[in-house]
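**Q** Use the sequences and the hints to build the structure in full.
Chains as they are written, first to last, in the numbering used here: chain A, 1 to 324; chain B, 1 to 504; chain C, 1 to 329.
These aren't lab readings, by the way, just hints derived from the structure by calculation. The reader is advised that the hints may include incorrect statements.
Stated by the list, open to error - Below, computed lysine to aspartate or glutamate pairings styled on EDC-like, alpha-carbon distance capped at 16 Å: (1) B/K192 / B/D25; (2) B/K120 / B/E97; (3) B/K134 / B/D190; (4) A/K89 / A/D34; (5) B/K52 / B/E35; (6) B/K231 / B/D259; (7) B/K52 / C/D128; (8) C/K266 / B/E97; (9) B/K52 / B/D25; (10) B/K231 / B/D220; (11) A/K315 / C/E39; (12) C/K271 / B/E97; (13) B/K181 / B/E458; (14) A/K89 / A/D40; (15) C/K124 / A/D311.
Claimed, not checked - Taking CB as the label site, the calculated pair distances span: (16) A/Q143 / C/I27: 33 to 43 Å; (17) A/L19 / B/F369: 45 to 55 Å; (18) C/M166 / A/R318: 25 to 35 Å; (19) C/L23 / B/S325: 40 to 50 Å; (20) B/F257 / C/F319: 48 to 58 Å; (21) C/L327 / A/R318: 31 to 41 Å; (22) A/M163 / C/L293: 17 to 27 Å; (23) B/D489 / C/F319: 29 to 39 Å.
Backbone N, C-alpha and C fix where the C-beta goes; we use that ideal spot for every residue, glycine too.
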Amino acid sequence: MLLTRLKAGGPAIAKQGILVAFIVFMIAFSLMSDRFLSADNIMSVFRQSAIIGVMAIGVTIVVIGGNLDLSVGSMLSFATVLVVDLHDKIGPELAIPVMVMATLCLGAINGFLIGILRLNSLIVTLGMLSAIQGLVLIYSGGQNVDIVDQSGTWFAIFGRGAMFGIATPIIIFGTLALIFHIIMTTMPFGRRVHAVGGNPTASVFSGIPRSHVVFMTYLISALCVAIAAIILGSRVMGSQNNVGQGYELQVLAAVILGGTSLLGGSGSILRTVLGVLMLAFIQNGLILMGQPYYTQRLVTWAVIIVAVWLDVAAKRGRLFSPIA
Amino acid sequence: MNTAHEPALRLQGIVKTFPGVRALDGVDFDVMPGEVHALLGENGAGKSTLMKVLAGMYQPDEGQIIISGQAVRMSNPIEAKAQGVVLIHQELSLVPEMSAAENIYLGELPRKSLGRVDWKTLEERSNAILKRLKCSFRAEVTVAHLSIANQQMVEIARALTVDARVVVFDEPTASLTDAEKVVLFDIINDLKAQGVGIVYISHRMDEIFTLSDRITVLRDGAYRGTLTTAKTDEDEVTRLMIGRSLDLSRNEAPPKFGDTMLEVRNLACDGLFEDVSFSVRTGEIVGFYGLVGAGRTEIAETLFGLRTPTAGEIYVAGEQVTITSPRDAIALGVSLVPENRKEQGLVLQMNCRDNMTLPQVQDLTAGPFVAKGAELAIFDQYRDKLAIKTPSWRQSAAVLSGGNQQKIVIGKWLSMQPRVLIVDEPTRGIDVGSKSEIHQLLRELAAQGYAVIVISSEMPEVLRVSDRIVAMYHGRIMREFTIDDVTEDSLVQAISGIGPEVAA
Amino acid sequence: MQLFSENPLLRWLMRNPIWGFVLIIFIFFSLSADNFFNERNLMNIVVQTSTIGLIALGMTLVMINGNIDLSVGATLALAAAFAVDVQSWAAFATWGNWQILPAVCIALLVGILMGAINGFIVWKTGVDAFIVTLGAMLGIRGLVFVYTGEQSFYAMNFAYSDFSFMTIGPFPVLAVIFVIAVLAVHWLLSRTVHGRNTYAVGGNREAAVNAGIRVGPHMMVNFMLIGFLAALSGVLLSTQMGAATPNLGRDYELWVITAVVLGGTKLTGGKGDIIGTLGGVLAIGILRNGMNLMQVPAFYVYVILGSILIAVLFLDKRFNRAENGGLRL
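**A** In structure tokens:
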């Protein structure tokens with residue numbers, strides 16, 4: 001049954017598969033828990049997903065460009081420790097730009113090694129993951145950092161504030177998603193990222209500056225990490241020196257769930273947002289049902305594989321792989 | 001023993017359907033022992049499906065496969081091989097990091113206890129086979145270190161691990177040089193002399209007429225007939241393939257040449273080509289003819305800014321220029337339709353419109369956004385001009401036929417309003433019908449005043465489209481001909497390195 | 001270049017540059033760290049290396065296949081949890097020291113099962129191994145939390161934690177197990193039909209399919225092997241600690257991949273060997289151990305390792321530059 005459906009309406013369903021799954025989960029959870037669909041709960045899920053979400057926007061763009069970025073987790077630790085530590089030393093108005101510049105430098109190193117030297121992105125960002133984690137530890141001397149005066153700083157608005165009754169992290173996440181969605185779908189840069197990810201050789205043969213485009217995707221990724229770090233630092237008003245550990249793979253999971261192909265050339269920011277929200281709602285729903293938080297991981301496992309499987313199956317027109 | 005009247009292999013009424021497509025519709029085919037039977041058809045005519053049925057990779061829905069008088073079922077390539085039917089793949093299906101011996105016996109490595117490989121037996125047997133093929137390398141050598149031709153030999157050696165009754169060659173010469181082709185043809189004739197039936201698939205009429213005894217033509221998955229090679233000619237075969245005769249005439253209006261648009265003086269690139277000088281006028285097509293590796297593609301790549309020349313000057317419209325990137329080339333009005341459509345020409349998963357406007361998307365803007373209207377206007381214009389067959393601009397380029405894909409690439413560069421259009425192997429892997437359309441198109445473009453360079457390895461193609469022909473050999477220009485003074489003989493001599501003074 | 005081609009040792013080093021690096025850091029630490037070059041410390045390095053090393057052996061197979069396994073750290077933790085917990089099951093209460101046996105067996109079976117699940121999914125769905133095992137990494141870690149309730153388990157039977165101190169002759173038993181595993185996997189990869197098919201599947205999947213190799217089950221076997229080795233590594237690690245913590249093995253997948261890539265295995269598959277991988281894990285082991293002895297804070301090891309990984313990639317690219325035929329792409 002499923003197979004014939006897939007054949008008939010294949011690509012259309014596959015494209016909306018994540019949306020369908022999302023709706024199914026939402027209905028299921030709302031039937032099981034009254035609080036699930038309450039405005040408070042939805043807002044809190046949105047707010048919690050903002051950090052992963054902002055990072056996922058950047059990673060989506062890198063992946064559409066045909067590469068991976070596993071260094072975002074370490075980079076988040078780096079940026080958060082830096083902004084929190086500098087906050088008390090030079091004040092937030094300087095700490096933020098200094099941290100953003102430093103994080104962009106890390107992104108530029110990624111971009112240089114991968115975009116210009118053409119080294120394999122998985123290995124480079126794996127190396128950067130390790131190196132940046134080391135940098136954080138060296139910088140902090142292995143200590144965690146804190147902001148002393150937590151109530152008297154305007155830095156709090158990014159993580160704890162609200163505008164028009166909507167928490168700032170949600171506003172930042174939503175705005176960024178929209179901006180980058182527009183860039184990726186309607187501007188020449190977006191078209192070029194898709195082309196370079198889809199076929200780098202043909203892009204060069206079409207006069208596209210491939211190195212430059214890939215370099216830019218890593219700068220964007222680093223920028224997103226820096227923004228996520230501002231939200232995180234502001235919310236926690238402190239930072240552990242390994243706060244971002246493991247984020248890289250959670251972020252990647254959300255991106256994949258959103259249907260972005262790891263082969264490059266296709267993907268969408270808005271569907272990544274759905275992927276992020278879906279993971280967040282699953283966790284939230286399970287907690288409301290009285291399950292421990294880590295059951296989310298089990299569900300995520302199944303959801304990722306089924307989602308990508310259906311996508312792959314729709315493309316090849318049969319459910320099971322033909323390899324013997 | 002097979003008698004001469006018993007086919008080595010016979011297919012009867014083979015039907016194979018895929019969802020929505022009847023790929024093979026009652027195809028009959030047979031091959032006698034000691035015969036070369038060519039299989040012909042346009043792309044999509046069902047040749048590859050038929051082959052996969054032969055090799056046990058697909059199961060037919062209807063019909064019978066009869067080997068030496070017995071109906072058989074082959075449910076995978078191993079079973080087919082056991083029956084003596086071996087397929088030599090078009091794309092080399094070798095594992096580069098393994099030895100020639102391991103590749104020859106891939107999937108059937110001789111075993112000892114505990115699942116160990118019996119290296120001694122493996123290498124003895126493999127070396128024996130390579131000796132039979134008169135190969136000069138040993139079976140222990142790693143395949144990655146072999147030349148393409150020798151890799152093809154390894155592929156062919158696989159056919160000899162069993163007592164082959166039928167060997168299927170799928171476009172075996174696609175990546176071979178002329179010298180290597182001769183070796184291949186010798187092997188095919190050897191196999192033939194040993195009573196093996198050969199199925200030979202190729203687009204190249206000249207090869208088919210030199211090698212084959214009979215020709216079977218497929219069209220749209222259906223059997224169109226079998227001809228005896230000695231009693232037919234190219235025209236008849238072509239008519240069976242595409243259902244009409246090809247218009248092989250040149251457009252007879254005398255071409256009008258304008259000013260020199262591109263001039264190259266003493267251009268060189270280390271180890272690839274040297275001392276290359278030529279010029280192209282507006283309204284003129286200059287054909288570059290030579291063997292694969294003669295340096296033609298590399299010249300095109302240099303002109304397009306993808307290689308750095310080590311010496312020489314380039315003039316565009318009389319002005320000396322340096323071209324260091326494709327962007328420079330595009331800005332100067334030099335465009336390149338590359339050799340490999342799928343790898344270099346198109347972003348396959350992108351739609352037709354986006355592919356076509358890719359080089360200029362940065363400039364096609366309304367404010368910060370891509371101007372969709374302008375893009376569509378360009379697409380529509382060139383779709384109509386080049387008669388591109390696609391249901392809509394939203395179609396991804398991957399699903400178009402080779403001819404239509406090539407037209408998208410040509411349209412992409414025409415829309416840049418180039419002054420010089422370089423076209424590298426414009427009809428490689430394109431079926432006969434679309435081929436002549438593209439030739440016609442190139443003539444029309446020249447007539448409209450473009451300066452065109454056509455690089456081709458096919459003599460009929462250069463002879464048909466060019467006004468002048470530059471013959472290359474080993475990175476050097478050997479001779480230049482005008483279309484009126486060129487003969488096939490002198491052209492062949494030039495590209496084989498025999499200079500005009502010797503030839504005369 | 002003449003020099004390189006004449007001397008067989010130098011020629012071998014050219015093909016296995018990681019061993020040149022191992023040699024250099026070995027000499028460096030021997031000269032500059034007092035306690036480095038002695039029997040006890042060298043044995044120590046092998047023991048410390050064995051944890052990552054065992055998994056890296058399996059990862060070499062999986063990566064030559066053209067796949068990857070990101071779930072090994074979680075599998076290690078799950079196996080360690082079972083190995084420690086099963087000993088104290090009531091069913092085995094009267095078994096004395098024999099209660100360790102079913103515990104270890106179950107732990108290893110759990111590892112094989114996790115590998116089998118990964119392999120089966122890769123085989124049947126055709127989803128990329130990177131994605132399948134990324135999901136499994138999250139999922140299996142979730143299983144660890146579910147099983148342990150986020151608590152650490154402690155081995156009540158002291159024989160279990162004593163195991164790691166045992167020696168066979170002069171050699172620590174953990175080092176012996178590692179060496180045996182290295183030899184076994186090397187033999188498997190270079191001498192057996194399965195091993196050779198591993199290269200075939202990774203080097204040219206389509207050719208392997210056409211040659212009748214059953215690619216799906218083949219890949220599943222390699223996933224089961226890496227599951228087994230990760231579980232074995234988990235069991236040995238838990239004997240060293242006398243305990244199993246739920247966060248055990250976090251980030252190990254990254255260390256293991258680093259080691260295997262340092263050893264020259266290609267991410268795209270078809271190329272690599274155990275000799276290289278052994279060099280890769282030893283390089284990491286010696287660096288950590290030597291820097292520790294020189295009292296360099298552990299933080300610097302991260303930076304150095306990351307830089308080395310990128311440098312190796314860069315040098316590899318410089319030496320094998322011909323990939324585009326000189327075309328500026």
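**Q** Each of the hints needs a verdict: does it hold here or not?
**A** Hint-by-hint comparison with the structure:
Our distance criterion of 16 Å between C-alpha atoms is broken by B/K192 and B/D25, whose separation comes to about 29 Å. In summary, the hint linking B/K120 to B/E97 is not supported, as the alpha carbons are separated by about 19 Å, beyond the 16 Å threshold. With a C-alpha separation of about 11 Å, the suggested pair B/K134 and B/D190 falls inside the 16 Å cut-off, and the hint holds. Restraint check for A/K89 and A/D34: the C-alpha separation of about 47 Å exceeds 16 Å, so the hint is violated.
The suggested pairing of B/K52 with B/E35 is violated, with an alpha-carbon distance near 20 Å, which exceeds 16 Å. Under the criterion of a C-alpha separation no larger than 16 Å, the hint pairing B/K231 with B/D259 is inconsistent with the structure, at around 49 Å. For the proposed pair B/K52 and C/D128, the alpha carbon gap of about 26 Å is over 16 Å, so the pair is violated. With a C-alpha separation of about 11 Å, the suggested pairing of C/K266 with B/E97 holds against the 16 Å cut-off.
Distance hint between B/K52 and B/D25 is fulfilled; the C-alpha atoms sit about 15 Å from each other, no more than 16 Å. Restraint check for B/K231 and B/D220: not satisfied, since their Cα atoms lie roughly 25 Å apart, outside the 16 Å limit. Distance hint between A/K315 and C/E39 is unfulfilled; the C-alpha atoms sit about 58 Å from each other, more than 16 Å. With a C-alpha separation of about 7 Å, the suggested pairing of C/K271 with B/E97 holds against the 16 Å cut-off.
A C-alpha spacing of about 14 Å is found between B/K181 and B/E458, which places the hinted pair at or below 16 Å, so the restraint holds. Taking the CA atoms of A/K89 and A/D40, the gap is about 36 Å. The hint is violated against a cut of 16 Å. Taking the CA atoms of C/K124 and A/D311, the gap is about 14 Å. The hint holds against a cut of 16 Å. The hinted range of 33 to 43 Å is satisfied by A/Q143 and C/I27, whose Cβ atoms lie roughly 35 Å apart.
A hinted range of 45 to 55 Å is violated for the C-beta pair A/L19 and B/F369, which are about 26 Å apart. At roughly 53 Å, the beta-carbon separation of C/M166 and A/R318 lies outside the given 25 to 35 Å, and the hint is violated. In this structure, C/L23 and B/S325 meet the distance hint of 40 to 50 Å, their C-beta atoms being roughly 43 Å apart. For B/F257 and C/F319, the Cβ-Cβ distance of about 50 Å falls inside the hinted range of 48 to 58 Å, so the restraint holds.
In this structure the hint that C/L327 and A/R318 lie 31 to 41 Å apart at CB holds, the actual value being about 38 Å. For A/M163 and C/L293, the hinted distance range of 17 to 27 Å is not satisfied, since their beta carbons lie about 55 Å from each other. The supplied range of 29 to 39 Å is broken by B/D489 and C/F319, whose beta-carbon atoms lie about 47 Å from each other.
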